[in-house]
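> Listed here are the chains, written in short residue letters.
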Amino acid sequence: MLLIHCPYCDEKRPEIEFAYGGEAHIARPLDPSALSDEEWETYLFIRSNARGRHHERWRHIHGCGRFFNAVRDTVTDKFETTYKAGEERR
Amino acid sequence: MTRFSALNLFTKALGGHKGWQEQWPTAEPKASYDAIIVGGGGHGLGAAYYLASKYGITNVAVIEKGWIGGGNTGRNTTIIRSNYLYDESAHLFDHAVKLWDGLSQELNYNVMYSKRGVLMLAHNVHDVQSFKRHIHANRLNGVDNEWLTPEEAQAYCPPLSIDPNARYPVMGAALQRRGGTARHDSVAWGYARGAASRGVDIIQNCAVTGIRRGPDGAVEGVETERGFIAAKKVGVSAAGNSSVLMQMAGLRFPLESYPLQALVSEPIKPVFPCVVMSNTVHAYMSQSDKGELVIGAGTDQYVSYSQRGALHIIEHTLASICEIFPIFRRMRMLRSWGGIVDVTPDRSPILGKTPVPGLYVNCGWGTGGFKATPGAADLLAYTIAHDAPHPINAPFNLERFRTGRLIDEAAAAAVAH
Numbered sequence: 001m002l003l004i005h006c007p008y009c010d011e012k013r014p015e016i017e018f019a020y021g022g023e024a025h026i027a028r029p030l031d032p033s034a035l036s037d038e039e040w041e042t043y044l045f046i047r048s049n050a051r052g053r054h055h056e057r058w059r060h061i062h063g064c065g066r067f068f069n070a071v072r073d074t075v076t077d078k079f080e081t082t083y084k085a086g087e088e089r090r
Numbered sequence: 001m002t003r004f005s006a007l008n009l010f011t012k013a014l015g016g017h018k019g020w021q022e023q024w025p026t027a028e029p030k031a032s033y034d035a036i037i038v039g040g041g042g043h044g045l046g047a048a049y050y051l052a053s054k055y056g057i058t059n060v061a062v063i064e065k066g067w068i069g070g071g072n073t074g075r076n077t078t079i080i081r082s083n084y085l086y087d088e089s090a091h092l093f094d095h096a097v098k099l100w101d102g103l104s105q106e107l108n109y110n111v112m113y114s115k116r117g118v119l120m121l122a123h124n125v126h127d128v129q130s131f132k133r134h135i136h137a138n139r140l141n142g143v144d145n146e147w148l149t150p151e152e153a154q155a156y157c158p159p160l161s162i163d164p165n166a167r168y169p170v171m172g173a174a175l176q177r178r179g180g181t182a183r184h185d186s187v188a189w190g191y192a193r194g195a196a197s198r199g200v201d202i203i204q205n206c207a208v209t210g211i212r213r214g215p216d217g218a219v220e221g222v223e224t225e226r227g228f229i230a231a232k233k234v235g236v237s238a239a240g241n242s243s244v245l246m247q248m249a250g251l252r253f254p255l256e257s258y259p260l261q262a263l264v265s266e267p268i269k270p271v272f273p274c275v276v277m278s279n280t281v282h283a284y285m286s287q288s289d290k291g292e293l294v295i296g297a298g299t300d301q302y303v304s305y306s307q308r309g310a311l312h313i314i315e316h317t318l319a320s321i322c323e324i325f326p327i328f329r330r331m332r333m334l335r336s337w338g339g340i341v342d343v344t345p346d347r348s349p350i351l352g353k354t355p356v357p358g359l360y361v362n363c364g365w366g367t368g369g370f371k372a373t374p375g376a377a378d379l380l381a382y383t384i385a386h387d388a389p390h391p392i393n394a395p396f397n398l399e400r401f402r403t404g405r406l407i408d409e410a411a412a413a414a415v416a417h
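Quick mapping for you: the protein sequence lines, in order, are chains A and B.
So the first sequence is residues 1 to 90, counted in full-length UniProt numbering.
So the second sequence is residues 1 to 417, counted in full-length UniProt numbering.
Derived from the structure by calculation, the hints contain no laboratory data.
Source: prediction; values computed, not measured.
The beta carbon of each residue, even a glycine, is placed where N, CA and C say it ideally should be.
Don't take each hint at face value.
[As the list claims (entries may be wrong)] Here are a few chain A residues that face chain B, going by a calculated C-beta distance under 10 Å: (1) 16; (2) 30; (3) 42.
Isolated chain A (complex conformation) (with noise of 0.2 Å):
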């Protein structure tokens, strides 16, 4: 199980308290009829599934209940560092 440091928290907690929320930083359309077909598709379903350096959201669901953003290396499933939303990609 992973430990986890929530960044609202500021605290590391098990991974039972978490869920996952996807790839991190992919901004939803601000003017979504002008996309076309192509640009849904990469929106909606293409996502980079990095070996390595993986930018994740997760919600503190069952604590503060707020989403953050996550860099966490998908081959040895070690975090390398959590921060707040908003706040610019690292």
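Once you have looked at the hints, place chain B on chain A.
Same frame as chain A, but now just chain B:
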């Protein structure tokens, strides 16, 4: 290749079983091939086998970064069934089940396909309605599937508890009698032996590090740890690492890779006659011929390539198993492991051509690729040989994520992942 037969066994026994030749030789990579399959699991080895045996392309190499059958082929729970809801899926998986039948004879290798039946438990009204819908859809597609009452289900699988006071009582079950299990290692080995005897080179411990494309964009071959190997046609069948390989060719795929765990108990005498799956409480189990109870868990929630998962997932699964089968409450578990499964947004595979000429893909089987092994292998071989998909795998193209013509088994899955 020495054929396995009773006579051969007898004569070799006279020589102390020292006269057997190796089942497939260790191959050194040649400079070029007509086709290369990346990934030496059941799907990849099978594709090479069918290319050579059925589609007449024998100058083929299978390139595997580890040892053959050491990825998801050696890590799954060996369940075979084809009771999928949608027409496309039913055709795809039933194509595989038809090939499972007779595979041992064809390969001259016992893959131990055992049609012991797959029982899917319904625990609530929604399950009952959904399974009955599946049964009717399956029957329209010529796929056997039938409804059992709780008593009939228990008669079919005696360890099953149908206690109405259970937290999730069994309200009935769908049974596919042609479903069952097979021996996963034998599938890889049987295909490897069959392919090698037809001239296919099986190259192990050789990771592909790049896919080389020419000025026209078409595939020219693959870069490997042992140098460049040329081929005009490259088929990728690499499960959890498919998207990594696709990126080597400059393609981004709608895939995410998750750990999926399984575990086995200590071996016991035959007590569990079939495969039982339950979506609602989320557990599935069968008993191997060795006697172990083979139990499957769900995927972990995060993207990973670590080939291991967390204990709380297993704990949850075992809690479900103990609930449905109280007789196993005092069993001890021997080992658990994880594999990396590549999951598509609609939980259906991607099997066909890619935007790169000469590059073919067989991926996205998610948590249920083993059952499809012969079918996927055959269809990948067909697609490579004809440079066009077979009608069965044509709907499972990559374009569906753009056109929206999804095959949404995610909502229709027997076991949610």
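> Take the hints in turn and mark each one as holding or not.
Hints and how they fare:
Here the hint on residue 16(A) is kept, as its CB sits about 6 Å from the closest CB of chain B, short of 10 Å. A least Cβ separation of about 21 Å between residue 30(A) and chain B goes past the 10 Å threshold, and the interface hint is therefore violated. Given hint, residue 42(A) at the interface with chain B, holds; its Cβ is 8 Å from that chain's nearest Cβ, closer than 10 Å.
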